[in-house]
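Knowing the structure of chain C, use the given hints to seat chain L on it.
Chains as they are written, first to last, in this note's numbering: chain C, 158 to 390; chain L, 406 to 826.
Treat the hints as calculated values from the structure; they're not laboratory data. Take the hints with a grain of salt, since some may be wrong.
[What the hints assert, rightly or not] Pair by pair, the computed Cβ-Cβ distance ranges are: (1) L:Phe703 x C:Asp279: 43 to 53 angstroms; (2) C:Asp373 x L:Gly796: 57 to 67 angstroms; (3) L:Leu789 x C:Ser231: 41 to 51 angstroms.
[Said to hold, decoys possible] Partial list, computed: chain L residues near chain C (C-beta under 8 angstroms): (4) Ala415; (5) Thr613; (6) Arg736; (7) Ala797.
Treat the numbers as computed from the prediction; the structure is a model and nothing was measured. A virtual CB, placed ideally from N, CA and C, is assigned to each residue, including glycine.
For reference, the chains in residue letters:
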Amino acid sequence: MSEPAVEIRDLRFAYDGGPPLLDLPAFSLGRGERLFLRGPSGSGKSTLLGLIAGVLPARSGTVNVLGHEMTKLSGAARDKIRADHLGVIFQMFNLVPYLSVTANAALPCRFSSARRKAVGGDVSEEAARLLARLGLDDSALLKRRVVDLSVGQQQRVAAARALIGGPEIVIADEPTSALDADARDRFIALLSEEAERTGAALLFVSHDAALASQFDRAIDLVEINHAVGREAA
Amino acid sequence: MNSILSLALASLWNRKGTAILTVLAVALSVALFLGVDKAREGAREGFGSTISGTELIVGARSGPINLLLYSVFRLGDATAEISWPTYEMIADREDVAWTVPISLGDSHRGYRVMGTTQDYFTRYKYADRQELSVASGELFDDLFDAVIGAEVAGALGYEVGTSMVLTHGLGAGGLMDHDNRPFRVSGVLARTGTPVDRTIHVSLEAITAIHVGWETGTRNPLADSISEEMVRSFDLTPRTVTAVLVGLERRGTILRTKRALDTYPREALLAIIPGQALSQLWEVTSVAERALIAVSLFVIAVGLVSILTSILTSLNERRREMSILRATGARPGHIFSLMVLEAGALGFVGAVLGAFVINLALAVAGPILAARYGVSLVGTGPGLTDLYTIGAVTLSALIIGAVPAWTALRRSLADGLSIKL
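In isolation and in its complexed conformation, chain C is listed as follows (with noise of 0.2 angstroms):
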């Protein structure tokens, strides 16, 4: 069995003098996998992305990433992993509003030369190529800001972000929060069959039990994270 994209074993977190946020025994996100990570808000999900993506530094236990030891590694190491490996999705798309449509979707391979070299060409066609699979193919559009998009299609557009490059883990973090039903279950199929497409590992993160159905696995954060329970007690 190919080592896991994502295992952590142990690992506790707490803000400087706050109460620990988090107690995960044990967690693991399968490569190629498409995890459903459901958690009501205060529950340590953001935390817990955050550790995975390498901007919070884990104080116990350990969190392996695509078989790198976060915990061992130095600030800048865990940033040029994020960087090379991990595309995310924020909940309200967080696009940079002075950047074209097109530009956006290319943005991580400003930061990352594996990203760029893994596209091969050009960074800007493969981000067109991109979008244009997402459904935004209007060449007029791609070269609009990104404000002036509907909502509908600036979660398009964050989507190809974090696909640009083939990372081999998508981090979604409540990307459907702001959509209707149905804009949400299209999304999900659309992220789904990219990230199928490009062998990548999706761990998508709600407080909506709901969708859990449309992913390969489910877990609830409360159940596996001990220090929940512990606070509740």
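Same frame as chain C, but now just chain L:
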């Protein structure tokens, strides 16, 4: 680095209102600094190129700067004159190759009149030993001929043949006019960019001639009864001259000759070396120059602080932007570079704009200043100082940019992937 720079420029353009105001603040401060520096250098070069090839200037004993100013730059007045026998003594010295006596004191519509000899037009050199040349007409031949500078001709609309009346002293015309002895313009000199352009040249004898009947300093009631024919028949050798331009046989004797003239026992004389006197003049003015430069440097510092202020105040509203960049792969170095490059870009564009504005302003205003006020700003075009200033301002902006860059970096590390604002 190119991709970060283009990101920095795009981010600045997104905040173009603030960015343009900041650039303007830097541009104005740089324009002020370069303007002061160029005016200083221009004035120095203009003064420095006014006289060349003259080894000594001799006048009645006063201050060296005063002698230089009134004899060469037509600024201020002589406190005393040199007697004609003393002038002859100077001219007859073995170590003296040539002399040009000058006599000042009269004027015409605000322009100074200078009595001299024809030798003045061949001996006086300016800039890089350039000789005076006649643009139209000829040098004075008749007693009441006048050769006028290019600016006098242009400003008063005079040409060869125009009649003009000189005024006694430097005041307004009227009662003090030498209207009984009108002059005729015999020639107009080519423009030199020196005080020569603003001078009316007549012969030394003419100065004596117009003062016949003015021995007491005012017009004698009988002056008009002396006809021009009678005046022409007089011995018009002047009794005094204001100063003497001196050329030496050998430059090596300059200090010995100067000392000999300075210690001449029969009359209190002062001999100055023009370059040395100019240096003394710059020593006097350098205090004010340094103060001006210091003030303009402070203004540049204020311009740079405006960069710091504009970026620092934007940081709060840009926390989400930094967070997005971090999540999409930007490392701390990228965030730091982005901020520093934004500051550098503001400094660079502001400095280039400031240099452009001041050079354009001087190109437009230079001729007007020269025509109206006789201030010749020589060599004030774009130069190395502009490049050094642009470089220094850009470098300073990059260094100053480290302050908001560090703040943004710390915040982006603390905010993590998903800033909630």
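The hints, checked one at a time:
no.	hint	verdict
1	L:Phe703 x C:Asp279: 43 to 53 angstroms	49 angstroms, holds
2	C:Asp373 x L:Gly796: 57 to 67 angstroms	59 angstroms, holds
3	L:Leu789 x C:Ser231: 41 to 51 angstroms	45 angstroms, holds
4	Ala415	5 angstroms, holds
5	Thr613	80 angstroms, violated
6	Arg736	4 angstroms, holds
7	Ala797	30 angstroms, violated
The structure does not agree with the numbered hints 5, 7 stated previously, though it agrees with the rest.
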